[in-house]
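Here the structure of chain F is known, so what remains is to put chain Z in place on it, guided by the hints.
Line order of the protein sequences matches chains F and Z. Residue 1341 in the numbering used here sits at position 286 of the first sequence, and the numbers go up by one each step. Residue 1397 in the numbering used here sits at position 342 of the second sequence, and the numbers go up by one each step.
Check the hints yourself; a few may be wrong.
Which copy is meant is left open, because identical chains are indistinguishable; a pair holds if it fits in one copy or across any two.
Stated by the list, open to error - DMTMM-like mimics (lysine to aspartate or glutamate), calculated; alpha carbons at most 25 angstroms apart, straight line:
| id | residue 1 | residue 2 |
| --- | --- | --- |
| 1 | LYS1369 | GLU1353 |
| 2 | LYS1277 | GLU1321 |
| 3 | LYS1392 | GLU1379 |
| 4 | LYS1211 | ASP1350 |
What the hints contain is simulated information worked out from the structure, not anything from laboratory work.
Number of protein chains: 2
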Amino acid sequence: MLACKQMSSPNQAVPAVNRQITLAARPVGMPKPTDFKLVDAQMPQPGAGEVLVRALYLSVDPVMRGRIGGQAGQARSVQPGEVMAGPVVGSVLESNDPRIAKDDVVEGMLGWQEYAVAQAKSLRKVDPRVAPISTSLYVLGMPGLTAYFGLLDICKPQPGETVVVSAAAGAVGSLVGQIARIKRCRAIGIAGSNEKIRFITRELGFDGGFNYKEGDYQARLKELCPNGVDIYFDNVGGPVTDAVIRAINTRARIAVCGQISQYNSERPEMGPRWLGQLVAKQAKAEGFLVQQFADRHEEGLKQLATWLREKKLKYHEDIVDGLENAPVAFIGMLEGKNIGKRLVRVTQSNL
Amino acid sequence: MLACKQMSSPNQAVPAVNRQITLAARPVGMPKPTDFKLVDAQMPQPGAGEVLVRALYLSVDPVMRGRIGGQAGQARSVQPGEVMAGPVVGSVLESNDPRIAKDDVVEGMLGWQEYAVAQAKSLRKVDPRVAPISTSLYVLGMPGLTAYFGLLDICKPQPGETVVVSAAAGAVGSLVGQIARIKRCRAIGIAGSNEKIRFITRELGFDGGFNYKEGDYQARLKELCPNGVDIYFDNVGGPVTDAVIRAINTRARIAVCGQISQYNSERPEMGPRWLGQLVAKQAKAEGFLVQQFADRHEEGLKQLATWLREKKLKYHEDIVDGLENAPVAFIGMLEGKNIGKRLVRVTQSNL
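Same shape as in the complex, but just chain F (with noise of 0.2 angstroms):
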């Protein structure tokens, strides 16, 4: 184990400074590279109970647009002039905690910069033996378990009941479709591209899925959901939401989860008013955060990981390599040009 360790080991020589992106201003609209900056900053120091740690991949995530953005209710913001907020996953290079060893790689909100330091007590241990560790930020990090406790916990999932999901081919779309397999539900994705809907059916083994900006969502719907939609996972909000909605069936459940077309707006969207629907199908919407289930992580994690290893779960990294070219790679994913989880390795290692 040692062995390995060292092997996988990206600690060269630390330099004296520590390269970061701040956001520059608050984005009005879809965020642009120049909302962003790279800066040059001193290398930080741990101090008692700290670690330092170098990245080795960051998370670029739809719920970052609410971070920098300012809309109200949403985790918190980050300032102009402030690192940009995120997971990482990566390597310690000094511990003063006696939970966590040199080498050890653990993953934490450590923002955009190449080295971070971090309470050690806010960090996760990743076992790089599990799975290689970019999966920390996807099937075994936040993402995993948005999927796994929106779906299961918010929905229930019944087999034989139909899941919509929209985003299918994202990070957590992903994951639900596979999951609602899992639980022997009829899985469907909407996602905007055809190439995504390949992904999600041929690689994933989604039963049915749509590409969104081609033709008319309703009938796709009933072509691909013929018993009505039972449960409805919800990425991204707007018309297909709308669309979605009329085809629940009685006592259908709406996870939602993001709303991911409306992160851009600068006033609310306008749309038609459905509650009469959840009335009628006496149906319920619930929002809900990863966070909530906090103290379940560890069994969500550990039910990742067992799918991981049965190859009941497969994933699919969209990596963009250099700490530099996070911004475009967190515009580009708002913009829905990835397939599967984006992620930016920060530094080249082998783990």
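Just chain Z now, with coordinates in the frame of chain F:
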């Protein structure tokens, strides 16, 4: 008891003709009196297992708008030419079933007519000793059960939470606020006149309320709900609901009972999209129908009767006399003219 029943029996001679109100035409927008027709029908004869009932009170409820307009998903529709459907309480003139005796008081879906024949097993016996029989269409009937299960089961109120209810002076809303108070919550009502607000605060003990036809919803909500909104029991939808959703707290529960502001719309009204707010607040909106709690109605009625006896629940009836006035009573209720439960007294009695 026998003496009591005889004294209160309204059973004069049975005429040869049964007056009925039928649906003349599917209403477009707000129903008009000419959408209904008073007709003379033959007296029905009870067959095996059936009873003949003389209507004493009939109920006019918002849900009936859906039954005549042919909106998707609402109960079963009334076809033009058919008797208007709706709950009735009446006394039994003849019974061909051992479970029900002559002079029993029963409640059931007997429709807008002076006499009706129904399967005995479809009727609920009403005990006139517990409360005036009209309450079987109100506190001790469908509106009471709707308030009870919608608030307690869908929303699970905790002491100290703030409960907001729309259409607060109506049959269901007036009970929701009082049950919220019983559960030691702060009860805030929204209604359409200052008289209604005086009624819910001075007569029913709500902690506060406001007339949505006056002033700024958001400012009034902020003033009346300084700790935000934990529970919203929605009977109306539309802009009132938009405002409450903007004021919800983390883990808020929204019980969607009705959407009376939308029932007369010929096409879906547009409104600002707000699913993102459900995510940010980890909140749910759940539609329900009282029928889904059918196996627990007895439990609900028992508790409601106890609260009534303990004077913890007050009620107010808004009675219109004469079967022929049922259409205008119904239309007036849709227009918000009633305070408390609107009923039509079909036959005078001392029950």
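Verification of the hints:
no.: 1; hint: LYS1369 with GLU1353; in the structure: within (20 angstroms within a copy, 50 angstroms between copies)
no.: 2; hint: LYS1277 with GLU1321; in the structure: between (33 angstroms within a copy, 24 angstroms between copies)
no.: 3; hint: LYS1392 with GLU1379; in the structure: within (18 angstroms within a copy, 65 angstroms between copies)
no.: 4; hint: LYS1211 with ASP1350; in the structure: both (19 angstroms within a copy, 22 angstroms between copies)
The structure fails none of the hints (numbered hints given earlier).
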